[in-house]
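Position chain X relative to chain C; hints supplied.
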Amino acid sequence: MSVPTGEGLFGPTPLGVLNVGLTSFAPPVTAAGGRVTSVAWRPPAGADPERAWRLATALADAEVDAANAIAVAAFLASDPVLVDVVPAATAIEALGGGARRLLHAGPPISFEEMCGPMHGALVGAVLFEGWAGDPVAAEALLRRGAVAIEPCHHHAAVGPMAGVLSPSMPVWVVEDRRSARRSFSSLNEGLGAVLRFGANGPEVLERLAWMRDELGPVLASTLAVTRSGESGGLPLRSLMAQALHMGDEVHNRNAAATGLLLRRLLTDLLACGAPISALGRVAAFIGGNDHFFLNVSMAACKAMLTAAEGVARSTMVTAMARNGVRFGIQVSGGGQQWFEAPAPVVKGLFFPGFGPDDAAADLGDSAITETAGLGGFAMAAAPAIAQFVGGTPSDALANSRRMARLAIAQNPAFTLPPLGFAPTVAGIDIRRVLDSGVLPIINTGIAHRAAGVGQIGAGITTAPLGCFVAAFDALFPPAGI
Amino acid sequence: MALLAVSARLAALDGVSRASVAMATAVNVAAALEAGAIGPIDAGPADVLVVVTAQNEALAQDALEAAWTALTVAVVSGGGSAGATADEPATCIADALALLTSEPRPSVALISVPGPFAAAEARKALVAGMHVMIFSDNVAVQAEVELKQLGRSLGLLVMGPDCGTAILDGMPLAFANEVRRGPVGLVGASGTGLQEVSTQLDRLGVGVSQLIGTGGRDLSAAVGGLSSEAALLLLGADPATEVIVVVSKPPDEVVARRVLGVAATLGKPVVAVLLGSEVSRIAPAGVHGASTLAAAAQLAAQLVLGSPPSARPSGDGEPGEAVDGSHVADGAASRRLLRGLFSGGTLGYEAQLVLREHGLEVASNAPAPGSARLIAGAGLHGHVVIDLGADEFTDGRPHPMIDPATRDRWVAEALEDPAVAVVLLDVVLGHGGSPDPIGGLVALLASRPSGPEVVVHVCGTDRDPIPRHLVVEALVRCGALVAPSNAAAAALAARRVAARGTRP
Chain C
11 MSVPTGEGLF GPTPLGVLNV GLTSFAPPVT AAGGRVTSVA WRPPAGADPE RAWRLATALA
71 DAEVDAANAI AVAAFLASDP VLVDVVPAAT AIEALGGGAR RLLHAGPPIS FEEMCGPMHG
131 ALVGAVLFEG WAGDPVAAEA LLRRGAVAIE PCHHHAAVGP MAGVLSPSMP VWVVEDRRSA
191 RRSFSSLNEG LGAVLRFGAN GPEVLERLAW MRDELGPVLA STLAVTRSGE SGGLPLRSLM
251 AQALHMGDEV HNRNAAATGL LLRRLLTDLL ACGAPISALG RVAAFIGGND HFFLNVSMAA
311 CKAMLTAAEG VARSTMVTAM ARNGVRFGIQ VSGGGQQWFE APAPVVKGLF FPGFGPDDAA
371 ADLGDSAITE TAGLGGFAMA AAPAIAQFVG GTPSDALANS RRMARLAIAQ NPAFTLPPLG
431 FAPTVAGIDI RRVLDSGVLP IINTGIAHRA AGVGQIGAGI TTAPLGCFVA AFDALFPPAG
491 I
Chain X
6 MALLAVSARL AALDGVSRAS VAMATAVNVA AALEAGAIGP IDAGPADVLV VVTAQNEALA
66 QDALEAAWTA LTVAVVSGGG SAGATADEPA TCIADALALL TSEPRPSVAL ISVPGPFAAA
126 EARKALVAGM HVMIFSDNVA VQAEVELKQL GRSLGLLVMG PDCGTAILDG MPLAFANEVR
186 RGPVGLVGAS GTGLQEVSTQ LDRLGVGVSQ LIGTGGRDLS AAVGGLSSEA ALLLLGADPA
246 TEVIVVVSKP PDEVVARRVL GVAATLGKPV VAVLLGSEVS RIAPAGVHGA STLAAAAQLA
306 AQLVLGSPPS ARPSGDGEPG EAVDGSHVAD GAASRRLLRG LFSGGTLGYE AQLVLREHGL
366 EVASNAPAPG SARLIAGAGL HGHVVIDLGA DEFTDGRPHP MIDPATRDRW VAEALEDPAV
426 AVVLLDVVLG HGGSPDPIGG LVALLASRPS GPEVVVHVCG TDRDPIPRHL VVEALVRCGA
486 LVAPSNAAAA ALAARRVAAR GTRP
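Protein sequences, first through last, are from chains C and X. Numbered according to my numbering, the first sequence terminates at residue 491, and the numbering increases by one at each position without gaps. Numbered according to my numbering, the second sequence terminates at residue 509, and the numbering increases by one at each position without gaps.
Next comes chain C alone, as it looks inside the complex:
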């Protein structure tokens, strides 16, 4: 035993008190010359006392801290490089070999449970692959289970909104130079009637066909040239870091990053050997879509987070994703298990003519950017879109500062100029979420609940507490279970 020394209790230094609870206890201490630090306490751990005690124990668990240090170091060391564009069937084994399989955003879900936009996107993908001749037949095929459907995340892939990937769609290939592991994402279709919002009309299918037949191959040839250069590809970490300094948060704002991407690829694009007419269409398509970089950003974030996966006992979040019905997270120490809660409705601004009743619940794999400390977490870097998602520049700063409370460590590779070049969050700790009650914020687009209408707004939502509670209970089960 060690006997208390009385240091900090009485002696020459005026007492410093951390007041946790009744605010009325603070003034007498202050009046007597003491210093009071106040906690605006609220019940932690989902307001469950038994879990709160487990949480207090878990927070003091040095093994967990050590596991998190390993996971976060792997995340920080990862070095995502854009290396290729190939057909999904080539990149992703599960989509190869003629298999009738489609991938979708978020945690696993059956076709029956899915929301409108995801139904529409899957129908569109079946039509695109030629597995059915019309939407009715396509839906029938899906309903009777003749097409396998699985999460993108189960195949190292990510997709925005409905996130549907089919075998012949081209995908970005991002390689983590540390592990040589590869991550994939679809190519961004632009705005308006697009598959990711559930549209599946002729215009959508024609664009997908062009992306398959021209955009994909041209980018593949371009990246072949890029690969032959010094870096063996296009390093993404530095590009994203630069974009953060140019007003992007690389989730809902990718204007700078798209420009940077085009600039970096321009010489190689011109050298790739494609006819000038094709280059013109490709350049116009990329140049005409401020969100073109989003899918690259997502694949890069997926690559960084994959590096942190599978560290036993680690409480670092390695994925956050939504399927339009449920929000799911994965945690490094929890393997590939999903911890889920109902997907929230997004708070935000709606385009004229639409309102909250028209909105689908939160949807898409793009929250992988927030999981990597970008997007809503890096909102301070992107004041220009603060208004677009229903806030002010000072909200944006406050959001980034609040999110810093959830961090396992800081990421010096990505910094936020308006916060004095403060580093972004490296690793969300589920223990910190449960302790503070601060929920990860996500910048996101809002899809119409009906298939094919498209984006009807944008805003901010938070990852539901239930996911983190479920993950915590799995990693730190109650005694006797």
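Calculated directly from the structure, the hints in this document are not laboratory data. You may find that some hints are simply not true.
Claimed, not checked - Just some of the chain C residues that point at chain X, by a computed CB distance under 8 angstroms:
(1) F20
(2) V39
(3) T47
(4) A50
(5) A66
(6) A70
(7) A72
(8) D89
(9) A408
(10) R411
(11) R412
Quantities reported herein were computed from a predicted structural model and do not represent experimental measurements. Glycine is no exception: its CB is placed at the ideal position from the N, C-alpha and C atoms.
Then chain X, alone, in the frame of chain C:
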């Protein structure tokens, strides 16, 4: 650009002649290799290359550390530039500590969250290196033991749970009275017991060095006096403390014997008041026993002053003597019962002992030895003392010392009960308490046509946020009898009941 700024900052450090902070691109790495600054390294454009030329290795190391710091300014500590919003208030202990910008850091955590959550917060505070005072009650005894063992292993004091009061070097924590500073150190497993002893000492002109609450269960067999022992050792080492007073409701005797054994080895005079237990049977020779809280204060004052203290009048007479307001007591023969309504648990407890000593059979929801246990829902029969601060009244509701509404409801009921002859009350003043402790009570007393006599003890000092003498005057004006100590109030109440015949 950011990297250039860091370079400039490093170059400006004492003893640093050159500094370069740059992306580890092939060009930069090659240049550094060529200059002989580095050997072959595995770094790419995503890494940062820091090269420093300094007078010696230690200075170079310092510069590298400065580079690391500059490159990883924490968001939490807010490298915020103009326009950055202020930090939102911290919602948990870890965030509050992380947001602190100035030293020294807090050394004591005062925890008053709902009881079921208190142990978890206390654990976080201990792990963060703070002493802990847990004001909350409704904490499981198992958690209390775990916390106190953890505190002991870390060299940190755990006051509570259910610790109502502490004064550390004059700093009042939770419910504490504004008492003069002086040589008496108090340790107690009883919040209002400590308040009573410290205010009685103040009345006698003797001050307090430290007042350390340990929590109501500390001297139980389950907890084993872990905090009392630690607190006594602290007082033993505290140069400001000359005389030590130990205050408790009936302790586990084995535990009390060990704890008082520790007290007796400190080389300072020790007074013990273990309400309901005889000190002389438990304590080693040399420990002075007292049977009431007021008597303990008297003894301690005598040890400090070297002679029996002369009580300082404070407007309400000498100890044992009541101020008799122009009360409107109804002398009907049917009124025979005593109803004690206490916000201070130990004060209610002591009152039961004094009443019993005066021959009254008492029932209570928190029975002292010799009292019967009140059965919930069975109604009130006979002489009754209710502890309104007991867990069953405070689960989800404020303590009556913070919000006297519950107390006032019970008083209203007692005043209308035709069988009640005397209502015995405490009013506990001091920091942390209700801003209006007697507004409701005075209104009730002033508006009653006639009814039971009301005997009150006001625990407090004239320097408390609400001065004692003002409270006493207000109560006397509406016909209450005010006694100078809790024991005196109980004795007075017992005499008033006895005057009507003791058999209920």
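How the hints compare with the structure:
Because the closest C-beta pair between C/F20 and chain X is about 4 angstroms apart, less than 8 angstroms, the hint holds. Taken as an interface hint, C/V39 checks out: its beta carbon lies about 6 angstroms from the nearest beta carbon of chain X, inside 8 angstroms. Annotation: interface hint on C/T47 holds; nearest CB of chain X at approximately 5 angstroms, less than 8 angstroms. The beta carbon of C/A50 comes within 4 angstroms of a beta carbon in chain X, closer than 8 angstroms, and the hint placing it at the interface holds.
Of the supplied interface hints, the one on C/A66 holds, with its beta-carbon coming within about 4 angstroms of a beta-carbon of chain X, less than 8 angstroms. Checking C/A70 against chain X by beta carbon gives a least distance of about 4 angstroms; that is within 8 angstroms, so the hint holds. Contact between C/A72 and chain X, as hinted, is not supported at the beta carbon level, the nearest pair being about 10 angstroms apart and thus beyond 8 angstroms. Residue-level restraint check for C/D89 holds (minimum Cβ-Cβ distance to chain X is 5 angstroms; threshold 8 angstroms).
Satisfaction of the interface hint for C/A408 is found here, the shortest Cβ-Cβ separation to chain X being roughly 5 angstroms, below the 8 angstroms cut-off. Because the beta carbon of C/R411 sits about 6 angstroms from the nearest beta carbon in chain X, less than 8 angstroms, this interface hint is met. At its closest, the beta carbon of C/R412 sits 6 angstroms from a beta carbon of chain X; the interface hint therefore holds under the 8 angstroms criterion.
Of the numbered hints given earlier, the model fails hint 7 alone.
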